[in-house]
Amino acid sequence: MNVIVTDAGFGPETFEQRFVPLDAADGATRVFDLPSNADPDHLPDIARRAEAIRIAFPSFADGRGFTLARRLRLLGFQGRLRAHGHVLADQYAMARRAGFDEVEIDAELAARQPEAQWRARADWQAHDYRTRLLV
Amino acid sequence: MYEYTEFDSAFLAERNAQFRAQVERRLSGALTEDEFKPLRLMNGLYLQLHAYMLRVAIPYGTLNAAQMRQLALISERWDKGYGHFTTRQNIQFNWPRLQDVPDMLDALAEVGLHAIQTSGNTIRNVTADHFAGAAGDEIADPRPYAELIRQWSTDHPEFQFLGRKFKIAVTGASADRAVIRAHDIGLQIVENEGEIGFRVLVGGGLGRTPMIGKVIREFLPEADLLPYLEAIVAVYNLLGRRDNKYKARIKITVHENGIDNIRALTEAEFVLRRAAFTGAGAARLGEIQAAFAPPAFRTGDVSAYETARAGDPVLRSWADTNLFAHRAEGYAIVSVSLKAHGATPGDATAAQMRVLADLAERYGHDELRISHEQNVILPHVHKSDLPALHATLQQHGLATANIGLISDIIACPGMDYCALATARSIPIAQEIATCFDELKLEHDVGPLKIKISGCINACGHHHVGHIGILGLDRAGVENYQVTLGGDGTEDAALGERAGPGFSAEEIVPAIERLVHVYLDLRQDRGETFLQTYRRIGIAPFKAALYPAEAVAAE
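Those protein sequence lines, which keep their order, are chains Y and U. Here the first sequence stands for residues 2 to 136, where the numbers follow this note's numbering. Here the second sequence stands for residues -19 to 534, where the numbers follow this note's numbering.
Wrong hints could be hidden among the right ones.
[To be verified] Here are a few chain Y residues that face chain U, going by a calculated C-beta distance under 8 Å:
no.	residue
1	P41
2	R49
3	R50
4	F61
5	R98
6	A99
[What the hints assert, rightly or not] Computed beta-carbon distance windows for the label pairs:
no.	chain 1	residue 1	chain 2	residue 2	range
7	U	H30	Y	F16	42 to 52 Å
8	Y	F16	U	A(-10)	29 to 39 Å
9	U	R254	Y	E109	35 to 45 Å
10	Y	L76	U	A276	47 to 57 Å
11	U	A248	Y	L23	16 to 26 Å
12	Y	P22	U	S(-11)	45 to 55 Å
13	Y	P36	U	A308	53 to 63 Å
14	U	S8	Y	P22	31 to 41 Å
15	Y	R31	U	D453	56 to 66 Å
16	Y	D107	U	A248	28 to 38 Å
17	U	A484	Y	N3	50 to 60 Å
These are calculated hints, taken from the structure and not from any lab test. Even glycine gets a Cβ: it sits at the ideal position worked out from N, Cα and C.
Model the full assembly from the supplied sequences, consistent with the hints where possible.
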């Protein structure tokens, strides 16, 4: 069972719709699964019509998802935005600051990096240099 | 100088606490070495050939006396009593133990220093002209902009896991002392009808595929700096290659996509980004600039210095090479050479660091700089204090009169320390310096930059050395290739490879032959090595490097 991490800690899946891979999406799709190498040219259209978007992190070292998330937010997307895959507890604050609402990890990762390590970064709004230069 | 605010201090304390916990989680096994690696790299901790190495940032090369003393203390308490200043305004401690590193970081934090983002695939320590705020030829002090960029890039949520490392350098003068054309982004402060802004270069870099940076924006208004930088790095984050580590730097992204395409993507991204920056950055910049207000320069008689200089040939020789024109009347910029003949370029002992801290307090308005050329600068010294300053430097092996000369060599740590190295660098630098010192030729030869890298990654900047030396491994034997005519300044050029490499025993005599070609063929003493090279071309130098082949060809 995958775990959904939010500022409140670990929780079960509550989102009932199925994420549709980008290459299987059609004009009616509102819930998208994006790979980390998604073509940025698709983002304006997705941002306009999506209700929820999940972005893959095939490896914690692949940081493209953070910029995809920020770009979607800058394009006006306000729905549920989820990071999915190999995200470390140490990256939780980055994910939240980049615009993600939540992180989905598998049971093995959740066992090795237990809830306390994620909750330690629930204070992601503190000590934020970049935001301080915005407003 | 910039003083840490409560925000800065609280951030650093929190960050150090996080790293302490990460070290504990690594030791307990909660983090695999694979997962720990990027976390330790983000905090400046490498695993080298023999031990861990901690790389500490000297932000834009600026230090005060208290900070320098703390570096001395750290080197004694947790290392071997010395530190190594690098080509990117960092200091490296080569022998820390993993369990001690959190304490070392806390000790750094006591004086507002850190090791954040000195490594890893993220935006690295921002570097600046080491004469910033002192040189007469500068439009504006680059350090406030470098500090603003430090704040923006520190812990930037999008850019901690880029495809590869990312280096930014800033200069406030048209004379480029910060090698901005060999950086991922180079910023040159320019003035356009009274308005301060930046000429922005992108895609420079050395390494295995050296490239000179290209202009992406001729004039960027000051207020747009952060959103524009963010746009460039965001474009790179999505577009840069991740399939091949050796093609992952932005120089390759620019090369493969073309500067015009990168510019168009950046400008489109910039429009999105700029909307989010509502002006708080400008307020921060104002506060930072106030902190960098120049010291209260004094006026005073300099005739005693002139008299001492006239009567003391050793002082005169040192003054001729190690001083640079200051913007304030009666002042000089002093470069303290960390290149004593036969010593390791860039190394300073704890005792030397303390002497430099004392001198900065007594004679230098409490300011020190570290140059990318691995020397220490006292940027504001009144000329009347130069004789006493020089005398103290002499007592501590710090008065070598060789700035810009053949023994002022940039060298990477090489195989004596580095896990990536394919050859030794330091002993070659030591032998060249000793050789020309014994020949008493150094001052006759004049300005000549030799730069040595111990592997293809080019940390010693050999591509931009007037004479570049690249140490490779050929079937288990060190082999040194020579490049000629490189230049890291505003006239940036990559050196041309002269031909087959030389063994460790042959390389110093080969350099000697090159120098004799220059001495024989220069028009007069006023023509430098680089000028002569540009006038006569590579052929005479090749003929001297490979005499047997020259004979065979005839």
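Numbers of the earlier hints that this structure fails to satisfy, in rising order: Failing hints, ascending: 2, 3.
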